[in-house]
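Residue numbers (my numbering), protein chains in the order written: chain A, 1 to 378; chain B, 1001 to 1378; chain C, 2001 to 2381; chain D, 3001 to 3381.
Because the hints were derived from the structure by calculation, they are not lab data. There are no misleading hints in this set.
Here are the in silico distance ranges between beta carbons for each label pair:
#: 1; chain 1: A; residue 1: Gly132; chain 2: B; residue 2: Glu1342; range: 50 to 58 Å
#: 2; chain 1: B; residue 1: Met1048; chain 2: C; residue 2: Asp2134; range: 49 to 57 Å
#: 3; chain 1: A; residue 1: Ser273; chain 2: D; residue 2: Ser3174; range: 25 to 33 Å
#: 4; chain 1: B; residue 1: Glu1342; chain 2: C; residue 2: Asp2134; range: 36 to 44 Å
#: 5; chain 1: A; residue 1: Asp175; chain 2: B; residue 2: Thr1141; range: 49 to 57 Å
#: 6; chain 1: D; residue 1: Asp3175; chain 2: A; residue 2: Ser273; range: 27 to 35 Å
#: 7; chain 1: D; residue 1: Arg3376; chain 2: A; residue 2: Gln18; range: 17 to 25 Å
Ideal Cβ placement from N, Cα and C applies to all residues, glycine included.
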Amino acid sequence: MDFDLDEDDQLLRDTVRQLCEQSVRPHAGEWDEARAIPAAVRDELGRMGLWALRQPEDEGGAGLSTVTACALVEELAAADGALAMLIAAHNFAGLAHVAAASASQPALAGELSAMASGQRPCAWALAEGALGSGEGALAITATRQGDAWALDGEARHVLGAAVAGRFVVFARAEDGPTAFLIDADAGGLHVSAPLRTHGARAAGTAHLGLQGVRVPDERRLGAPGRALTDAATIVALRELSWAAVACGLLRGALQQASGYAQQREQFGRPIASFQAIQWKLADMATGLEAAWLLTVQAAWRCDQGRPLGEAAARARTWATGAAVRGCSEALQIHGGYGYTREYPVERALRDARQLEATAGGSATARSVLADAIAERLG
Amino acid sequence: MDFDLDEDDQLLRDTVRQLCEQSVRPHAGEWDEARAIPAAVRDELGRMGLWALRQPEDEGGAGLSTVTACALVEELAAADGALAMLIAAHNFAGLAHVAAASASQPALAGELSAMASGQRPCAWALAEGALGSGEGALAITATRQGDAWALDGEARHVLGAAVAGRFVVFARAEDGPTAFLIDADAGGLHVSAPLRTHGARAAGTAHLGLQGVRVPDERRLGAPGRALTDAATIVALRELSWAAVACGLLRGALQQASGYAQQREQFGRPIASFQAIQWKLADMATGLEAAWLLTVQAAWRCDQGRPLGEAAARARTWATGAAVRGCSEALQIHGGYGYTREYPVERALRDARQLEATAGGSATARSVLADAIAERLG
Amino acid sequence: MIDFSPNESQAAVAAVARSYAKEVLEPRAATLDRTGGFPHDNLAQAARAGLLGINVPEALGGRGAGVVAYSLAITETARACAATTVALCVSNMVAEVVTHFGNEDQRTAYVPRLCRGELVVGAFALSEPGAGSDPGGMRTKATRTDRGWVLEGSKLWITSGTDAGLFVVWARTSDAPGTRGISTFLVPGDTPGLVRGKPEHKMGLCGSTTTAIDFEACEVGPQALLGEEGRGFPVAMMALDGGRVGIASQALGVGLAAVEAAAEFVAGDAGRRGQQWVQWALADAATELDAAQLLVLRAAWLKERGQPFSREASIAKVFTTERAFAACNRAVEAMGAAGCDEAHAVERGLRDVRVTMIYEGTSEVQRIVISRDIMRRFASG
Amino acid sequence: MIDFSPNESQAAVAAVARSYAKEVLEPRAATLDRTGGFPHDNLAQAARAGLLGINVPEALGGRGAGVVAYSLAITETARACAATTVALCVSNMVAEVVTHFGNEDQRTAYVPRLCRGELVVGAFALSEPGAGSDPGGMRTKATRTDRGWVLEGSKLWITSGTDAGLFVVWARTSDAPGTRGISTFLVPGDTPGLVRGKPEHKMGLCGSTTTAIDFEACEVGPQALLGEEGRGFPVAMMALDGGRVGIASQALGVGLAAVEAAAEFVAGDAGRRGQQWVQWALADAATELDAAQLLVLRAAWLKERGQPFSREASIAKVFTTERAFAACNRAVEAMGAAGCDEAHAVERGLRDVRVTMIYEGTSEVQRIVISRDIMRRFASG
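Let the sequences and hints guide you as you build the complete structure.
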C-alpha cells in the first residue's frame, strides 16, 4: 500500500503548477469573460505534452500514467476549470477513443500525433443519455456509400466544439451505433456559435451539425454497431478526468477561501476565527481529501488494467458534488465580494456546476453504480 | 390570512401540555424501556378526549378541528413519541376510516363511541407499499361465506397491534381489495409478541395473523374492491398526523438541546456560546418552523374540505426528515451524555427514525408528490 | 383563526404583479441579463402598475395593500426577472422607511414621487468596506454645520447606486460607542459631493446595478436628517427586517420559476420524464419552496399586524434563500446540459438567486439572530 | 508509488479477523446487544486469534502486523459486532501505548499479558465530568509519596471499565498550567482504591461497558508512572490519534455491513428492487464508504510509516463516522419497517454507529483540528 506519487511525478506536477501560476491563473477570468482560450496558450501547453498526457512518448505524447495525468489535470483545474475540462475531454475521451481504435485501424495512427499539439483539440460528441437509453438518443445517422459514409444529424452541447479540429461522433448505422472521426473542416459540417454556458465558458461548448458529411471508412472507430459498447470504456475515463477537474476546482476554492478568511476582519478579528467559517473550511478540506483519494484510486485501477467503470463513477459523483458544495461555501465565505467577478470563486462555482451537469451529469454515474450493485446481487 | 390558533384551542393545548408535563414526560423513558404504555395512562388521556380528537362531541369525541387535533398530537410527541404515534394512528387512521365508512354502514356507528376510550385502540393494518404496488402487496385473503367473510393471512409491522382492541385490515377479495373491522378477540386472530423496534418502542408494533377469522359483512368498511382507493384518503390523514408527531419530537429535542447547551460548560464557558452549537440550534429551529407551517397548512386544507394528499405528503417528508436530522444534532450537542438513556434525546432520535421509516416511509409520500407533479404536467 | 388564503385585495395585487411580470419583465429578462445596465423602462412601468409603493398609504401615492400583498407581488415579479425585482424591493422599502420615520415635509416631498417613479428608485447606503455586518464599525461621518450637515465617507454594495434618485444614508454624528452615534439622512441623488461608483461586475443580477457611493464634502440641509439624531440604528433595523421579507420573497419567486421550468422541460423529454430521481428532486424542491412560502407569508403577516417579526423574518430569509438556491440547483440537474445553457432561464436563476444568501444579512447573520432567540426562549431546557 | 493493494500479511490478518467475526462474533451479536454486559468470551477468543496486539511487536506477544492490518481487521470485526470491537480497539491501543512509552519492565509486565488476554482488556481513563474535550481542565490528582503515588479523582466514559485488567490513567502531578502538569500511570484493575462505576445505559454498543472510575486514595508504586512525569499529554495525543484510526475503522465496518445487508434485503423484495431511489441511496452510501476507507487506510499507512498523521486521522474520523451513520440511515430507509426491527442487524448498526461521532473526540473536535491545519497550510490564499 502506498499513497504517494513518485518523486518524478511530483516534480512534473510542480512544473505544471508553476506554469499555471504564470500563464493560466492570472488570465482565467479574462478567458471566461471572452469565452475563449487563446491559441497561444493552447500551444504552450502542447509543448508541455498536456494535449497527449497518456500517449506513449514515441507517439508524441508525454507517456504518463493515468494517476499522473489526473494529478496534472487537477493542477490545471485549480487555476482554470474551463481549460482543465477542455484538456481532460481531449485526453480522456477524444484522443483516448482514437488511440484505442488505432490498434485495429492503422490508418488512424497518423492522426494521433497530429492531435497532440492542442492547436485543434478533439471533441467527443456522445449525446447526453445515450449510454442509458441506447442508440435512440443518437440524432446522427450514417449511411454507407461504397468505402465511405454519409453522416447527417446533430450533436448538442459538445464541449470544445468551437475550437475542435476533429470530432468523434456517434451515429446510427445499419449495423447499429457506429463511431467516426471527422475533421472540423469537412464539407457539410457546421458548428454553432459558442453557447453561453453557465460555467466553463472558455471551453467552447457548441452544437455540431452534419449535413451529408462524407467520412472514409478508414476513419471509422471500432467495429460497426459496437460504438456504444466501446463508448462505455471511454465514458469511464472521462468520468475519471471530470473527478480530477472537480478536485482542482475545490482545492483552488479552498485555498482562496482560507486565505480570504485570514485577511478579512469583522468585529475586529479575522473571520477565520469564527467557528462557523472554520467548520465550512474543515468540511471542504475533508470532502476534498475524500474526492482526491477516490480519484487516485480509480486512476490507479486504470493503470493496473482493472475494470474502471464503478471506481470512476464513484470518484465522479462524490468529487463533483463536493466541488459544487465547496465552491458555494467558498463564495459564501467571501460574502458580497465572492459574488463579484473580481474574485475567482464565483467562476469556480459556475465551472463546478457546469461540470456536475455536463455529459449526463452525476445521474449517469449513479446509474452505473446502481447497475453494478444490482448485478452483484444477481 | 391568519397564522394563529384560536384562543380556545390555545387553552386546550396548554391543558394538554400540563397533562404531558405531569403524567407523560416523566415516565416516557420507563415506558420505552418496558416497551408498553400503562392502561391507566391511556384511560386518563381518554377522559381528555384524546382518543377521539376529531369525532363530533355528540358521538363521544372531542369535536376538534384537524388543525387543533394536530396541535395536540404535537404536544404529546414533544413528551413521548411512542404515545403520540399510537394516538395519531388511532385517530387519523383506524378511527377515521371507521368513521368514514359508518356513513354508509350504520351498524358501525356503535363501534365509534366504544373506540373513543383508548383502552383498546384501533390499529390500521395496511401493508407497507400497498398503495404503490396495489393489492398484490396484500397478504390477507377474504372469502365470502353467506353474510360473512373468512379472512386468512398476515399483516406485518402493525403499529399498536399489541394493545389494539380492533383492527382495520385490508384483504384481497373476489371484487378486489376490501377492508374490514375485526375485534382483537376474534377467533383465529393472533398477534405476535411486540416487536423489538428501533423507536416508538412503547407503541406495541407487532405482526397480525389471521386464520379463518370470521367477519360479518356489516363490519366491512366501504364497498368491496374499493378499499385501496378509500385508503388513499386515510393515508393522507395519517401522513398529516405523522408530520405533527415529527414536529413535536423536534421541538422537544430542540428544547432539550438548547437548555443543555446553556448549562454545559467547556473551556470555561457555556457551549451555547460556540458558533458551531448556535448554528445547529438555528438550523433545528428553522427546520421546525417550516415543518410546523407545512403541517398546519395541510390540516387547514383538510378542515376546509380541500384535497389533502399533496399537502400532507409535503408536510410528512419535510417534517420527518427535519426531525431525524434535528434529533441527531440534539444528541450530538449533548455529547456522550446524549448517547445514554439518562437524557431523552436518544429516545427522540430513535422515535424520529422509526416514524420516518414507518408505513412505507417518506418514500410513499414522495411518490405521491412525484405523481402529482406528473399529473399536473399531463 | 388559522387561514392561509390571501384575501381579495392581496390576490388583486398579486395579479397585477403577475401580468406586469409576464408582459413587461419576462420578454426582456434574458437580454437585460446579457447586456447589463439599469432597467429604467421596467421600473417606469412598475411605477405605472403601482408596484413602487405597495405597502405605502394611498394618501402618499402608494397602494396601501399591506405586507402580505407586497410579498406576493415580489414573488411574482422575481419569477420573471430577479434583477428588476431587487431594485423594486429596495425602492418599496425606502418608501416605507420614509413614510414611517419621516416628518410630514419629508413624506410629502419624497414618498409620492418615489411611488410615481419620478425619483427613478430609492436606495439604501448602509454597508461600508470594513463593516458589512457590523454597523458598529461604521466610519462615514456627518458633521453639523450652520447650513445643515456635511457627509464624508464611503459606502458599498448599494443596489441601484447608478441611477437611484434618493438615497437613505447612515452616518456617524457623534463618537458615542457602538451604534448610538449613528443617524440617518435623506440625500437626493443629484446632491453635489455624492459620487456614484462604477457598477460591480457580478455573477448574476446583471440587470441591476451595485455600486460604491463616495460622499466627498457632501452638503445637505438640516431637513435631510431622517428621524432623530443618534437614532439611525432602529431605522436600519426596520429597513433590514422588512428587507429580509422582500429578499426572501424574491428568492422564492426565482426558485418557483426554476422548478416549474424544469418540470415543463422534463415533461417534454422522454428520457428524463420517467426517471424517479428527477421526479423526486422536483418533489423535494416543491416541498421546500412550499414551506418557504409559508415562512415568508407568516413574517409578512406579523409585520402587517404590527407585531414583532424580526426572528420570523430571519428564519424566512435563511430558509427561503438556501432552499431556493437548492431548488435552482435541482432544476439544473434535472435538465442536464440544457439547464446550464443561457438559452434556458434556469441558468440565469441559478446565478441570480445565489446572492440572496448574502445580501440583506448573510445566512450566517440570520443564524446568529435565530440562535439568540432560541437561547432566550428555551433558557432552562 | 501509488498502490492501493494490501500486501499479503495485511490480507492475512484481515482474513483472520473475518473468520473470527463470522464464527465467533456474528452468531452472538444480537443476543449480546439485547442482554448487555461485557463480552468476556468474545475477547478471550480474540486473544487466541491474535487480535489483541495487532500492531505490537512479536517479541512482546503481538502480531507485529502494522497499522494498516490493524485497521483492516477492526473493520472486519465491526461488520459483525461493533460492541466487542470497541473493547478490542481500546485494548490494542493500550498495548501500543505501553509498548511505545513504557520502560522495559512495564513492557514485559503488561504487553504480553494484554496480547494473551490475561488482563481481559486494557482501558484508558482520560475523560472527566467537566473536561470531555479539554485535558487542560483535568482534576484527577496524583500525589507523590514515599512509596510511589496516590491517585484521587473521578474519570468518566471508560470503555470496558467494568472488566478491564489494566488502566492507563492520566492525572495532574503538578499545578503547571494547561496540560504541562499531566502525567500518565499504569494502574492494574485490582488496585485497591480503584472503584469501578456502574455501566452506563446506552443507546447502542450495549454489549460493551462504559463506566465511571473513581480513584479513592488509590496507591500505586513508583513504577506505575508511564513515561516521564509531566509528559502525559503526548501520551494522550498518541492514544487519541491512534484511537481515531481505530474508531473510523469500526464505523466503516458497521456502515459496510448495513449497506450490504440492505442490498441483500432489497434484492429479495420485488417492490423495492426496482425503485431508483433505493438503488441510488445504496450507490451513494457505497461511494461514500469507499472514500471513507481510503481516508482511513491513508491515515493508518502514514502512522505505520512513522509520519505525522494527526490531521489525516481527524479527517478520516469525521468523514467516516458521519458517512457511516448516513449509510446506516440509508440502509434502514431502503428496508422500510423491517430496517427498524431488531430482527435485522441494521437496526443495531444504526444505534451502535451513532456514538462513533462522539467518542475519541467528537466531530466538532475533529473539525477544529482540520481547520487549524488549513489555516496553517493556506495562510496567504
